[in-house]
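**Student:** One-letter residues, chain by chain:
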Amino acid sequence: MHRRDALKTIAAGAASSLWVQQLSALAQVHAGQLHTALVAAQTAGGWVAKVLDPHQQRTVAVLAELIIPQTDTPGAKAALVDRFIDGLLETATAADRRKFISGVGRLDVRSRALFRVDFLTATPAQQTDLLTRLSAEGSAESRELVDFFAAMKSMTITGYYTSEIGMRDELGDNGQLFLPSYDGCTHPEHQR
Amino acid sequence: MLRNAPDRADLMQIITPSKVYPVIIIGSGASGGMAAWNLTSKGIDVLVLDAGDRFERRTFWTHVRPWEARERMARGEQPPRFYLDTKEQPYFTPDSRPFDLYRVWGHGGKTNIWGRVSLRLSDLDFKGAESDGWEIPWPISYKDISPYYDQVEQLIGVCGGTDDSDSLPGSKFLQPPPGPRCGERLLQKGAASVGIPIVAGRRANMTRPTRGFPACHYCGACGSGCDTASFFNSADHLLPFALKTGRLEIRSNAVVARVLVDDKGLASGVQYFDRRTGAEQQVRGKVIVVGASTVDSTRILLNSKSPRHPNGIGNGADVIGRYLCEQIRFHVRGYLPQLAGTETRNDRGIGGEHIYMPRFNHRPGRKRDYLRGFGAQFWNTGASASGANPGSEAIPGFGAALKKEIKRRHPAWFEIHPYGEVLPYAHNRITVDPNRTDRYGVPLPAIDYRIGENERKMTEHMADTAEEIVKAAGGVLVGYKRGDLDRMGSAIHEHGTCRMGADPKRSALNAFNQMHEVRNLFVVDGSAFPTATEKNPTLTILALSWRATDYLAEQIKRGEL
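Line by line, the protein sequences are chains A and B.
So that you can map any letter, position 162 of the first sequence is 162 in the working numbering, and since no number is skipped, the others follow by simple counting.
So that you can map any letter, position 524 of the second sequence is 1524 in the working numbering, and since no number is skipped, the others follow by simple counting.
Looking at chain B on its own, in the form it has when it is part of the complex (with noise of 0.2 Å):
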């Protein structure tokens, strides 16, 4: 298998019988990092490829103030670099369709700073397809993930309220929630006074110490990492954890290019580049689990290229790359009167907002002219711990009229950010240019998107509700543009381009993240997904691994993989 041998790693692997693998994952973050955890907890070996290496916490700038960040920098000193630079691996779009991907390469991924919104799916996303007939349906429903979401809930710890409702089911575990801001508290009154229940937020933000790690100390500052590890990442939360048992290998620094196949098109293991020394590897494996991030997961699928696998491998059906359902946002600004001028709060908080507005436009009396639905969030809503609120700006003038108004309004600052479904459409995809290709000689990644007639009539709805709620809540729109839509990809949440799904003609996977044409491949992450819903999708893509992994291990037992 192995082609050359450049450096002493390939040598050791010739001299010593080629190992292979019982499982090889290709990933570190939500899904692989639960891949891991999950079967090395059952006694499977697993080789764990991440394209980056570990972020080490005790280098995070989680409590370096505006300020002191500015003297830090000017020292030379820098905070940790999650992002992937787009200058290392770039990605194309049409001039026309910019489209926003932010990948962290790295133990844990994205989990590292990510949102940390946790909400279940529920049947009214599950059979969502199912009922209005666009494209196909999921596989599975609540019923069958609702065992899995109880388990991650207690595991990573998720806090939020009691207020259950059919968009947003299933409470039985979070920890106790903060308490709502004061301009989240008059928002949701606002709301309730027209008919639209805001609810606690759901996030995985540990509010009590949860598994050894301390809870939150409501410093705000998650998005920069954080130093006690009080929120849910792959990194601190799964992976040592998995290390422990002994099964458990990482190769970081593993840019992972290619699944290889054997004669029979099945998997054979993972062709990689070493990020450090560019140097090529092989290493082979008994069954493959790829849960690298749906945009890289796609680019490797379709670059594993075989002549029983013409079109990428397990993509007889082309559908693999197609489908790619991201949502909808835009940001709504403002104050409330009734808070301008009051004492300033420490609204730090778990990081973001302490409310979340569940889908609410299936319920009845409500008119819906376009298909699935949209949320709310409301970051940013009170006294800022960054600055002023950007919406200062907008404050007319200049000298201490401005100073005295922009101080007035700083504890009073809400924001409203709906997010909304994006369908699967056949034509927003994903391919690979093999005339455009990285630094290790590998094809990149190119993606077209575009929304529809069904998004721009949601968008309206969405503005609608945005401004009813306003004007509910009694506040005051700043620098308001209705309709006016984020960048596609900023709330990256990509999905749909290795779907799931009953009919192996329409769909990649089974309901157990299985190829239908490869049996011993899976794939674990937000790629799998048939529909993207109004959801944040981590919750459920922890789930939905560790069901896969539950399966992925029974058939080990049973000895059909």
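Same shape as in the complex, but just chain A (with noise of 0.2 Å):
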């Protein structure tokens, strides 16, 4: 992304706190290539969290792949979406580390009231349950644990659809770089 077209991000929802903006902005940077300090691994194996620790990394696994789930076509797990906000995370504000990393814990603290354990130990459709709890409209959560799904989705959405299952596979994207002539819109439709 340019830098200058690196707009003002839209977080999900105009009324996010400021910190989820900064991460959902922040995640936009990380998938451009202007960014310089992301260490984060994307090749497979051997690869060990920075950031989150094993259980925080498995609940944010298991979150992403909730949201962006497989379909016809692979979903945020196979994308490696958690190591994208592992390393994302890593070089946020320390302010904004804190923030979403507490999020993870208020998301079993939540879990465990209503369902008695943990996030990751939850039931599927337990799972679901609380994540529409999170994601409704006027949600009567915790602001804090809304923010912290709103910055969840933010991040596993850049995330997954920079990644080349979200580009390629799941967005159709036909990757062409060298093309001999650019013809524009050709549906019949909309020719004048």
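Simulated from the structure, these hints should not be mistaken for laboratory data.
Treat the hints loosely; a few may be bogus.
The calculated label-pair distances, taken between Cβ atoms and stated as ranges, are [said to hold, decoys possible]:
1) S181/A - T1342/B: 13 to 23 Å
2) H1063/B - G138/A: 37 to 47 Å
3) F1173/B - D183/A: 15 to 25 Å
4) E1343/B - P180/A: 18 to 28 Å
Which residues of chain B face chain A? A partial, calculated answer using Cβ under 8 Å [to be verified]:
5) G1179
6) R1181
7) C1219
8) P1396
Using N, Cα and C, we set each Cβ at its ideal position, and we do this for glycine too.
Make the complex out of the two chains shown on their own, each in a separate frame, by following the hints.
**Tutor:** Below, the structure is given as structure tokens:
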């Protein structure tokens, strides 16, 4: 993304907290080519999270897959979105990182209150139930938790759709970077 | 002249009789590069000082996709660092009034990664102040500069349509434009139905091979630098041709601090610091051309204090540093339901939008309760090639339904980006602060900039217009916040701080970019513009610099300089 065109991000919903917007914007910078600090290994094997502990990392991976699941194309898990998020958190401000990580903790607290188990241990139906509460318009859940879900959703979308799986398999980008000419819109119904 | 001689370069200069360059040019971007190219082609020897180095095209990440970029970075690779780090060269703003400043120090400057929108100013722009009385008019009109626009467009290769108007004239030499993307076509049709013309965009992407450079290959990644130099950048399209004449010397990593003066107050040379060693250097020249981009040129001029120029060189009228004018802009995003669910197309094209909304608010029947005008750009319209459009995050919910809707909207996103003129105000200014200096001990710039009532009223009309176009095109707005202006400075179109004018009491330069008070000093970048206009400035900077250096060469030939 051109630096000048890196717009003020519309994070999930206009009412998002600043830290959510910041993480969302950071995700977009990471997804592009201009950021110089991202070191999250996208290569397979031997990867260890730098910011998230194993429980947090697994929780983030499950959350990401719930947000963008496998359908007829692979989902966030296959696109290694948890690694993208860990790398992104590494370069986030300490305050934003803290808020995100405490959000993972709050999710478990809420899950235990509702289902008596951590989010990871809850059944898929229970997990979906909790996320439905968090993503509802005018959610009655705590602001911190709603914000956490918004940040998680934003980073998942950016990470997934800038992966090869997301861009090529899911969005159908043909990846052609050398064209002899550019014709523009060829839909017959949209000519004049 | 040489004060201390800490290294070999200085010793050499002392041993050989200190060379006096016919012309020293500060900066090698659009303005400095053009000056160097034009003067050397006329047989004049030139020294160019650039604050950075050459960016090597083979190192660009033009065709590196986002996921590949992450893999490369994980291996410790880095894309070229075009932008100057503010940790190296800070600038200051009041806490309550931030101002974004993007600088590229290196051969070609910002033209390496510029937006490439190439719009001629018209007499609406040149004569704006004359008709509304706000501040000083331009000392030139369209007929003075149009032959230079003709030359520049042929030289650099600009594509565009033939749809001229009073606000966007002169399509004589444009190369064929790329067709509009589907969303662009729908916006165009919608706007036309409410009487707002949206025309083919004009951009310095070569759609035909030009001067030995291959035509654009439509990868859309211009912002990463072009690996085939298929859009104009000074480092590839001007400097090598100037070097071929044998009359150009380029000194890289020369961070200019001051223009030096003789005891008559004329420019006599330039003081700079070597960016790698920190060593101070001085070079002597008969004529100095300043083209370091608005803020750095202003910093240099204001720091060039002497008994003859206590307020900065050529600043007897206290105009240099004042009248900083940029542009206001905001971003509108939404999707066109007519296109939702259609097959994903390769919408990369020439990188930015293929259409442009020229200014129309001056036309009969249009209500206007403010001065000047605005236009609009439309980048990111169509299927994004760098992930999902950020508007996707505003789609409610999660799971398979979210994934499906993101894909459905992917080809349907549009964006509207209106750009409006900010009037020149004396209080919007760049100053240098002797108490805050850079690593070489040179005072750093401070920018104090705010918009006023005229801009707020214009913002309302800009928002009305965008909403009207969206409605007419059948679009759905997403995450829209009316009047939510982007940060000041974010358009990267700084102007006005060393303006041209007929009246030496109110301007620093004459109609040929020559200083009223210092006849052997020329300033040829955006700082010379008396008004910001709503348009992108680079084409005009190229034309003005060409014109100024034609005049300069003529003066040298006649022995006046």
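**Student:** Of all the hints given earlier, name the ones this structure violates by number, lowest first.
**Tutor:** none
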